[in-house]
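*Asks:* Letter by letter, the chains look like this.
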Amino acid sequence: MEDAGFIIGSYVITFGAIAIYAFAVLRRARRTTSQLPDEAKPWL
Amino acid sequence: MASLTADSTAESAVQRPRRAGTSTRGTRLLGAAAIVGVAWLLAFGLGFSPADRDQAESVRILYVHVPSAWLAYLAFVVTAISSAIYLFSKRHSLGWDRLAGASAEVGVLFMGITLATGMIWGRLTWGVFWEWDARLTTTAFLFVTYVGYLAVRRLGGSHEQRARRSAILALLAVLEIPLVHWSVRLWRSLHQEATVLRPDGDVKMDGLMLFSLFVGIIAFTLLYAWLVIHRQRTLTAEDALETAGLDQAIAERKAEL
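First to last, the protein sequences are chains F and L.
Quick note on my numbering: the first sequence kicks off at 1 and runs consecutively.
Quick note on my numbering: the second sequence kicks off at 1001 and runs consecutively.
Be careful, since some hints might not be right.
[As the list claims (entries may be wrong)] The calculated lysine-lysine pairs, modelled on DSBU-like cross-linking and capped at a C-alpha distance of 35 Å, are:
1. F:41 <-> L:1090
2. F:41 <-> L:1254
3. L:1090 <-> L:1254
[What the hints assert, rightly or not] Partial list, computed: chain L residues near chain F (C-beta under 10 Å):
4. 1120
5. 1223
6. 1225
7. 1226
8. 1230
9. 1240
Rather than coming from a laboratory, the hints here were simulated on the basis of the structure.
Glycine residues also receive a C-beta, built at the ideal position from the N, C-alpha and C atoms.
With the hints as extra help, turn the sequences into a complete structure.
*Replies:* Below, the structure written as structure tokens:
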């Protein structure tokens, strides 16, 4: 594949950024919700 | 006997383990669907879709660049609609404000991806990573505006003050989207005009390429929904924790007096 470095790089940047953000959100969610009673979690 | 039952209930409530995280069965299913969508996108974007006559293999960047741009627009429109509902409804429910904040944050992520992948694509087709072209400049301006929106959300004050000022900003910021979209027509631009969302409705694209783009849009939509739900729930928990901390501080201060 021509210009494979640029093309694969763009996919790595895309899904790498989404994965890092998703990981950060889940970690923050876990840390925050562990300090709350289940009654304060309307999604449960 | 009655007090024993009440005590036992209270004790079991204290001892009951708290469920950490914001996942539910629905979000787990949505997450699994998003992973399948991304796998399909990788297969079609990097494998099955053909090379372009003019742009050769670099056209494959289209399948992540365009969906991320469209989903960023969608995220900012959701932010504006949620903000309008918060501002103009009688209840002024903070749930709408949190949805606006969560959607804007995910929108900034997707807009950042749009800029990064666009720069790489620009390097391959124009020979440069950046040009102060109308589309690129207005897109960068939109990105910076929503970074500013997120900064405004972090200013001090009550949750209601945060909701009111950020809602007004969201309603102003969304007006930039038509400017970004029409910039390629309003000014002379290096950036190509729309291929799919054309005013004459004539889509000038190979069938398999169009299908690959469609797969990309589905995958990014699922990712957007999954991320926004988790972020909105986290914001709900953060607000509850902040309120509880404030209540406790007030109670302690009253006890001191």
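*Asks:* Does residue 1225 of chain L pass the interface check with chain F, least Cβ-Cβ distance below 10 Å?
*Replies:* Since chain F brings no Cβ nearer than about 12 Å to residue 1225 of chain L, farther than 10 Å, the hint is violated.
*Asks:* Report holds or violated for the interface hint on residue 1226 of chain L, using the least CB-CB distance to chain F and a cut-off of 10 Å.
*Replies:* With a minimum Cβ separation of about 8 Å from chain F (threshold 10 Å), the hint on residue 1226 of chain L holds.
*Asks:* Between residue 41 of chain F and residue 1254 of chain L, does the CA-CA distance stay at or below 35 Å?
*Replies:* Answer holds: residue 41 of chain F to residue 1254 of chain L is near 28 Å, not above 35 Å.
*Asks:* So, residue 1230 of chain L near chain F? Judge it on the closest CB pair being under 10 Å.
*Replies:* For residue 1230 of chain L, the interface hint holds, since the closest Cβ of chain F sits about 5 Å away, which is under 10 Å.
*Asks:* Regarding the hint that residue 1240 of chain L lies at the interface with chain F, is the smallest CB-CB distance below 10 Å?
*Replies:* With Cβ-Cβ at 5 Å, under 10 Å, it holds.
*Asks:* Please verify that hint: residue 1223 of chain L, Cβ, nearest Cβ of chain F, below 10 Å or not.
*Replies:* OK, holds: residue 1223 of chain L within 10 Å of chain F, min 6 Å.
*Asks:* Holds or violated: residue 1090 of chain L and residue 1254 of chain L, Cα atoms, limit 35 Å.
*Replies:* 33 Å, holds
*Asks:* Against chain F, run the beta carbon of residue 1120 of chain L and see if the smallest gap drops under 10 Å.
*Replies:* Because about 5 Å separates residue 1120 of chain L from the closest Cβ in chain F, which is inside the 10 Å limit, the hint holds.
*Asks:* Does the structure keep residue 41 of chain F and residue 1090 of chain L at a Cα separation of 35 Å or less?
*Replies:* 24 Å, holds
Of the numbered hints stated above, the single one contradicted by the structure is hint 6.
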